[in-house]
Amino acid sequence: MEKKNIMDAPVLYDEQNTFRGVMKRLFRENKLAILSLVIIAIFVIGAVFAPWLTPYGYEDIDPINRLSGLSKEHPLGADELGRDVLTRLLYGSRISLLVGIVPTIISMLAGAVLGIVAGYMGGRVDSVIMRLADIMLAFPSMLLAMVIMYTLGDGIINIFLALALVNWASVARIVRAETLKLREAEFVEAARSIGVSNFKIMWRHIMPNCIPSMIVLFTLNIPSAILSESSLSFLGLGIEKPMASWGMMVNIGRQYLYNNPELSLVPSIAIMLIVLAFNFLGDGLRDVLDPHLKKQ
Amino acid sequence: MEKMTLQVNDLCTSFFTDKGEIKAVNHVSFDVPKRSIIGIVGESGCGKSMTARSVMRLLKYPGKIVSGSIAIEDKELTALTEAEMSNVRGEEISMIFQEPMTSLNPVMKVGKQVQEVVLLHRKVTKQEAKKEVIRIFEKVGISEPEKRYECYPHELSGGLRQRVMIAMAMICRPKLLIADEPTTALDVTVEAQILELMKNLRDEIGTSIILISHNLGVVAELCDYVHVMYAGRIVEQAETFELFDNPKHPYTIGLMNAVDSLEKKQGVLDTIPGTVPNLLDLPEGCSFEPRCGKRCEKCVECVPELHEIAPGHLVRCHACGQEV
Amino acid sequence: MQDNTLIKVQDLSVEFPLSSKKKVHAVSDVSLEVKEHEVLALVGESGCGKSTLGKAMIQLIKPTAGEVSFKDAVITNMPAKAFRDYRRQMQIVFQDPYASLDPRMSVRDIIAEPLETYNVCATPKETTERVVELLEAVGLSADHLYRYAHQFSGGQRQRIGIARAIALNPSFIVCDEPVSALDVSVQNQILNLLKDLQERFGLTYLFISHDLSVVRFIANRVCVMFLGKLCELGDTETIYTNPLHPYTRFLLDAIPKADPHRRRKERMLLSGELPSPVDPPSGCRFHTRCPYATEKCRTQEPEMKPVEGRMVACHLYAE
Numbered sequence: 001m002e003k004k005n006i007m008d009a010p011v012l013y014d015e016q017n018t019f020r021g022v023m024k025r026l027f028r029e030n031k032l033a034i035l036s037l038v039i040i041a042i043f044v045i046g047a048v049f050a051p052w053l054t055p056y057g058y059e060d061i062d063p064i065n066r067l068s069g070l071s072k073e074h075p076l077g078a079d080e081l082g083r084d085v086l087t088r089l090l091y092g093s094r095i096s097l098l099v100g101i102v103p104t105i106i107s108m109l110a111g112a113v114l115g116i117v118a119g120y121m122g123g124r125v126d127s128v129i130m131r132l133a134d135i136m137l138a139f140p141s142m143l144l145a146m147v148i149m150y151t152l153g154d155g156i157i158n159i160f161l162a163l164a165l166v167n168w169a170s171v172a173r174i175v176r177a178e179t180l181k182l183r184e185a186e187f188v189e190a191a192r193s194i195g196v197s198n199f200k201i202m203w204r205h206i207m208p209n210c211i212p213s214m215i216v217l218f219t220l221n222i223p224s225a226i227l228s229e230s231s232l233s234f235l236g237l238g239i240e241k242p243m244a245s246w247g248m249m250v251n252i253g254r255q256y257l258y259n260n261p262e263l264s265l266v267p268s269i270a271i272m273l274i275v276l277a278f279n280f281l282g283d284g285l286r287d288v289l290d291p292h293l294k295k296q
Numbered sequence: 001m002e003k004m005t006l007q008v009n010d011l012c013t014s015f016f017t018d019k020g021e022i023k024a025v026n027h028v029s030f031d032v033p034k035r036s037i038i039g040i041v042g043e044s045g046c047g048k049s050m051t052a053r054s055v056m057r058l059l060k061y062p063g064k065i066v067s068g069s070i071a072i073e074d075k076e077l078t079a080l081t082e083a084e085m086s087n088v089r090g091e092e093i094s095m096i097f098q099e100p101m102t103s104l105n106p107v108m109k110v111g112k113q114v115q116e117v118v119l120l121h122r123k124v125t126k127q128e129a130k131k132e133v134i135r136i137f138e139k140v141g142i143s144e145p146e147k148r149y150e151c152y153p154h155e156l157s158g159g160l161r162q163r164v165m166i167a168m169a170m171i172c173r174p175k176l177l178i179a180d181e182p183t184t185a186l187d188v189t190v191e192a193q194i195l196e197l198m199k200n201l202r203d204e205i206g207t208s209i210i211l212i213s214h215n216l217g218v219v220a221e222l223c224d225y226v227h228v229m230y231a232g233r234i235v236e237q238a239e240t241f242e243l244f245d246n247p248k249h250p251y252t253i254g255l256m257n258a259v260d261s262l263e264k265k266q267g268v269l270d271t272i273p274g275t276v277p278n279l280l281d282l283p284e285g286c287s288f289e290p291r292c293g294k295r296c297e298k299c300v301e302c303v304p305e306l307h308e309i310a311p312g313h314l315v316r317c318h319a320c321g322q323e324v
Numbered sequence: 001m002q003d004n005t006l007i008k009v010q011d012l013s014v015e016f017p018l019s020s021k022k023k024v025h026a027v028s029d030v031s032l033e034v035k036e037h038e039v040l041a042l043v044g045e046s047g048c049g050k051s052t053l054g055k056a057m058i059q060l061i062k063p064t065a066g067e068v069s070f071k072d073a074v075i076t077n078m079p080a081k082a083f084r085d086y087r088r089q090m091q092i093v094f095q096d097p098y099a100s101l102d103p104r105m106s107v108r109d110i111i112a113e114p115l116e117t118y119n120v121c122a123t124p125k126e127t128t129e130r131v132v133e134l135l136e137a138v139g140l141s142a143d144h145l146y147r148y149a150h151q152f153s154g155g156q157r158q159r160i161g162i163a164r165a166i167a168l169n170p171s172f173i174v175c176d177e178p179v180s181a182l183d184v185s186v187q188n189q190i191l192n193l194l195k196d197l198q199e200r201f202g203l204t205y206l207f208i209s210h211d212l213s214v215v216r217f218i219a220n221r222v223c224v225m226f227l228g229k230l231c232e233l234g235d236t237e238t239i240y241t242n243p244l245h246p247y248t249r250f251l252l253d254a255i256p257k258a259d260p261h262r263r264r265k266e267r268m269l270l271s272g273e274l275p276s277p278v279d280p281p282s283g284c285r286f287h288t289r290c291p292y293a294t295e296k297c298r299t300q301e302p303e304m305k306p307v308e309g310r311m312v313a314c315h316l317y318a319e
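Chains as they are written, first to last, in the numbering used here: chain R, 1 to 296; chain P, 1 to 324; chain S, 1 to 319.
Some clues are possibly wrong.
What follows is a set of in silico ranges between Cβ atoms, one per label pair, in the way DEER data are often shown [to be verified]:
1) LEU32/R x ASN9/P: 51 to 61 Å
2) LEU32/R x GLY20/P: 19 to 29 Å
3) ARG124/R x ALA80/S: 17 to 27 Å
4) LEU35/R x VAL300/P: 42 to 52 Å
5) ARG124/R x ASN119/S: 31 to 41 Å
6) LEU152/R x LYS19/P: 51 to 61 Å
7) VAL38/R x PHE201/S: 55 to 65 Å
8) LEU53/R x ASP143/S: 32 to 42 Å
Derived by calculation from the structure, the hints in this document are not laboratory data.
Just so we're clear, the structure is a prediction, and the values are computed from it rather than from any experiment.
Positions of the beta carbon are idealized from the N, C-alpha and C atoms, including for glycine.
Please put together the full structure from these sequences, using the hints given.
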């Protein structure tokens, strides 16, 4: 009892970056981020349970009600072939969320590995990796994605590849900067003084300390991937028809903008909502995870 | 009777965090007589810096002055608006910090930074202000003041930067200078120079100084009065010679033994067992009780009052007899 | 006298390039020996190269010139594989107990890291048991195993750092300002612990400090450094009671005494500024600040010579 009392430290700032701790702080400090989380959850539920939420399939056509506007049968209208817009929106969110998340994960992993290796090893390895990244960043990313889609053809896997290839460089840059800071940290020097191998130092010391900034980067990269897919689909370079994607829906609706604005408007609003939600969530997480940015 | 430069009465400052209220400064009262140097000593987290920041009203969120009064000559600082307070800062009270690098703007010449302070508080032309700056640079012992005027902070050594900070603090001849660990980041030989400089400034300009330090040696060297703080409270206060000759509070004695034993040849150094208590969860009684060798039942029950055991010598301890 | 030398440093220099022409002369031609089971204190002001020298001795920094030998083997430029056996015999305790522990690792993982790196224990369970032993050796307990560094006070973190350093039973530990970030009362606890461990395990320390007052208790010998050069090296009591090099005298005099009766009437103040290690002064590096400097000091570099039972590099004691 006595001894314990002596050794117990005054713990003032032990708020840990565990999942629960982060969520608690997020809830307390940033209601907007929580609202964003709810919106994202609604879209995810919509995407997963789409077949049970609507009586139609995304290819089902209803020629009588084509371009009928908002109605009881089609709460958000029906398109030029009489396909239900709400249904297509729900199925489209599958594509948008997948396209937001999968290429982002791929580019995050690739960027993180390359960034950590470049930052930690330095020298020639660093130069080669970072010059490659510079080349990627110097290229207009949309153009690059379009070229890739042209050569590879339509299809969701190709979209994943194109977007991952476009995004890894910026991730690598940020992770490298973080690594350069961590490399000089005393605890890394301590590991070296023990004789821990370079690989283990990167894996056990540098990577875990990069995770908070990577989570933030992740939530901020998702909306840009969603937007890129929408733009590609809008340009007719994306998902294979007749699959639904929000960008493609905006593109189709363009021709009927005057009489049936809902065809473009509904998917546009969906894109805007999800992009904003991810952005706000990312901002909120950054405030919570990075103590230096804590507001007064 | 000599007048006081600063009177702090029953000051309480708290930080309102998610975990609860942290009482960083707990019913602290002290006076700073004119032309005197008073020292506040204690270990990290004892509230000495927060006391200083409260006087400057420079508390960081979520800190707040809860109660008490701070008066500089007859002006009550807690009642001032933020705008009035910023006039007081620099003009009547100024402060220097431990790390002079972070207190200076890295992309601005140091001379310009000091000149700005002059222009802010005095109605003078830029030429006159520059002359004033060079004069104060000389006074604080900066060699080649014209050349240093054009330097950026990173071109100066730690000691010179601290001199620039002191110049900036002293240029309006404030009534009170608060020095928060001014020499902790400096080497001993530079520390000796800076302490000498502070003493000279007091003697020549007549500014009162509050010196905050964890180093008993620095305090013994410079101060007229010393206040020892522990866990947000003043536990002992006395005139310097009286305190060092006759320490009464077990914490003060422990600190002094710890320092003294470094000089003696002995097998084991004296320490104070344990660590500083958690300010969120202070003991009900005396906050030093868990580490104290002289504790009794009374210490667990209630916080002792500061009481006078000799003229001007106050102690907050149940074991230090009121019999005197 | 030669046979019990543990580490020998011969004409060691460390330089850091600033640009193609300029470089920082952090350590210049330093030679010294650390004997087995002794505590050698390395004292000097910030920027004098003491940490660099300490880190170069255990090969954390590559020296530019000179060599370091450890128990008869020259470890400078040794191939990495062969050096592994020496690496584990040399450890370091860092100054900043906040920065030297990985914030994302539990105490158990931090202390287990050296054990796992050299496969000291057969099973994770054995490793944990060893970690508990180490925690107890530094005054912590098994209750602290799964906590994170930020849940501890500075003194406790330093204990964790020490446990990590002694985990592999090293023979030589560089203590790089281990107590300068700590409060007075805690500082003494850590000093007691370091001394206790040194006696119990027969360790050898290079104790780096900017504070001469801390050194007296722990060190057998003291070595004073100024701007990458050694000034004075001798037994602790000799140096404290009768310092010869002017710089050592300034250092000792500048320590503020915790006794107002010993306030100095007249301070011995060093004049001028610390010269830059990029462009160190010619001759004796201290001559720009030394009140006794002569023409000889400006041109000719003093050698370390035995004077009154210690080594001094100063022309004042030429004959």
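Against the structure, the hints:
no. : hint                            : result
1   : LEU32/R x ASN9/P: 51 to 61 Å    : violated (44 Å)
2   : LEU32/R x GLY20/P: 19 to 29 Å   : holds (27 Å)
3   : ARG124/R x ALA80/S: 17 to 27 Å  : holds (19 Å)
4   : LEU35/R x VAL300/P: 42 to 52 Å  : holds (50 Å)
5   : ARG124/R x ASN119/S: 31 to 41 Å : holds (32 Å)
6   : LEU152/R x LYS19/P: 51 to 61 Å  : holds (55 Å)
7   : VAL38/R x PHE201/S: 55 to 65 Å  : holds (59 Å)
8   : LEU53/R x ASP143/S: 32 to 42 Å  : violated (52 Å)
Hint check: violations occur at hints 1, 8; the rest are consistent with the structure.
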